[in-house]
Each structure stands twice: as structure tokens, then as C-alpha cells.
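Chemist: Using the sequences and the accompanying hints, generate a full structural model.
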Amino acid sequence: MSDQKNILIIVTSHNQIDADHPTGLWLEEFAIPFQLFRQHTYTVTVASPLGGMAPIDPRSLSTSEPAEAHGDALQALQYTEPLNSVNVDDYDAVFFPGGHGTMYDLPIPEVGRVVSQFFDAQKVVAAVCHGPAAFVQATQSDGTPIVKGRKVTGFTNEEEEEVKLAQLMPFLLESRLQELGAKFEKASMWSDYVVVDGKLITGQNPQSSASVAKAVIEALA
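Every letter in the sequence shown is one number past the one before it in the working numbering, and letter 13, counting from 1, is 13.
Some hints here could point you the wrong way.
Claimed, not checked - EDC-like mimics (lysine to aspartate or glutamate), calculated; alpha carbons at most 16 Å apart, straight line: (1) 5 x 218; (2) 151 x 185; (3) 186 x 197; (4) 148 x 179; (5) 183 x 197; (6) 148 x 185; (7) 123 x 185; (8) 199 x 120; (9) 164 x 72; (10) 186 x 158.
Worth flagging that the hints you see were computed from the coordinates, not collected in a lab.
Modeler: Shown next as C-alpha cells:
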């Protein structure tokens with residue numbers, strides 16, 4: 001491949017847990033990697049299951065840097081490409097940021113197929129926090145889950161309990177990945193922690209956003 005790298009970032013389109021809990025993308029998990037990829041002159045395409053404007057979890061707006069610090073990233077979320085328009089051949093890597101919205105619309109066959117295509121092509125597949133929810137429906141050609149026997153991390157059960165959303169989730173990410181045969185690794189809550197298993201790269205939580213992006217950049221070097 002040429003030095004010019006093309007990165008596909010797939011974000012959630014889901015904006016509501018229930019009437020009392022708006023959700024969406026966790027901003028720093030998208031914005032920090034987006035900016036790091038752009039700094040390396042990568043071409044970045046942002047897609048989502050539905051396309052159009054991507055929802056941002058309002059809680060992430062209050063904990064992130066001031067919005068103006070994420071100007072280009074916020075602009076990129078105004079119009080995302082619909083997932084069904086994505087051609088895997090056009091990209092060198094796929095990255096899934098988190099946010100609780102991902103727990104609803106990334107564990108679907110359409111997303112799983114995209115992940116599987118990247119995986120089968122031996123391209124970089126990366127995710128942070130709840131982003132590995134995208135792996136739930138992803139299988140190898142023989143039907144084996146792509147995470148089976150592989151080291152991964154993601155938002156832990158303890159972290160989910162800490163934010164008091166465990167009972168509202170359709171499943172717990174750590175538990176589901178383990179059920180699929182993954183070797184789930186984790187550090188203490190809210191630690192910057194990244195796991196690399198070949199071209200499968202995962203980060204535990206929002207604090208791991210920059211480190212995951214740097215691992216992707218290293219894998220593409």
C-alpha cells in the first residue's frame with residue numbers, strides 16, 4: 001500500500017437508552033483519535049449505521065475539552081456516511097469509538113460483516129471502550145467469532161457498575177466478549193490500557209483513546 005493511509009471510523013447512530021438517559025458517541029473517544037490520524041495526514045472517513053448526524057452523549061461534552069478544541073472532529077460528525085455505502089477495499093484500517101449508543105447498534109450483522117471483511121483482509125481492526133461491541137457479530141469464514149482465542153480489552157463490568165448503567169445495558173461487554181471466547185484483559189478502573197493482538201487493537205475506556213490511536217498508527221507504519 002502507498003504511504004497515504006485511509007482510515008474508516010464507524011460511530012453509533014443510537015441516541016437514547018431510555019427516556020431518562022440520552023446517549024450516543026463518547027466524544028473524546030472519537031475526537032482524539034480523529035485528530036491524531038489527521039495529524040499523520042491519513043484520510044479519515046466517518047460512517048455510522050444510519051448515516052447523517054451522529055449523536056454525542058451529552059455527558060461526554062461536559063467531561064471533554066472545550067468543544068472548540070474538537071472543531072474538525074465535531075464537523076466530521078455532522079454528516080456521516082451510511083454504513084451500506086462503505087467499501088472495505090478503500091481502507092487500511094477500521095476504528096470503532098465507544099459511547100453507550102454502540103451497545104445498541106454496533107452488535108448487528110451489518111457491522112459484523114464489515115469487521116469480518118477487514119479481519120479477513122488482514123487489515124487493522126481497532127476499538128476503544130464500548131467500541132468492541134462491533135465485534136459481537138463478527139465471525140471468520142468458518143463462523144468462529146473473530147475474538148475467539150484473541151486478547152482484547154474494553155469497558156469492564158466494574159466500570160459499567162461504577163457509572164450505574166449496567167442494569168440498563170442489553171448486555172455487559174466484558175462478559176459477552178468472554179462468552180465469545182475472547183481472552184479479556186483489563187487494568188484497574190479508568191486506567192489507560194491497550195491490548196494489541198496482531199492487527200486487533202483494543203482500549204479499555206475513554207482514558208485509552210490516544211493510546212489506541214497511537215497503536216493504530218504504529219501498526220500502519
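Chemist: Determine for every hint whether it applies to the structure shown.
Modeler: Do the hints match the structure? See the list:
Restraint check for residue 5 and residue 218: satisfied, since their Cα atoms lie roughly 12 Å apart, inside the 16 Å limit. For the given pair, residue 151 sits about 7 Å from residue 185 by alpha-carbon distance, which is consistent with the 16 Å threshold. For the given pair, residue 186 sits about 14 Å from residue 197 by alpha-carbon distance, which is consistent with the 16 Å threshold. Between residue 148 and residue 179 the CA atoms are separated by roughly 9 Å; this keeps the pair inside 16 Å, and the hint holds.
For a cut-off of 16 Å, the pair hint linking residue 183 to residue 197 stands: about 10 Å separates their Cα positions. Taken as a hint, the residue 148 and residue 185 pair is honoured in the structure, with Cα atoms around 13 Å apart against an allowance of 16 Å. At roughly 22 Å between alpha-carbon atoms, residue 123 and residue 185 are farther apart than 16 Å, so this suggested pair is violated. Proximity of residue 199 to residue 120 is assessed by CA-CA distance (about 11 Å); at most 16 Å being required, the pair is judged to hold.
Using a Cα cut-off of 16 Å, the hinted pair residue 164 and residue 72 is violated, with the two alpha carbons roughly 32 Å apart. For the given pair, residue 186 sits about 10 Å from residue 158 by alpha-carbon distance, which is consistent with the 16 Å threshold.
In this structure, the earlier hints numbered 7 and 9 are contradicted, and the remaining ones agree with it.
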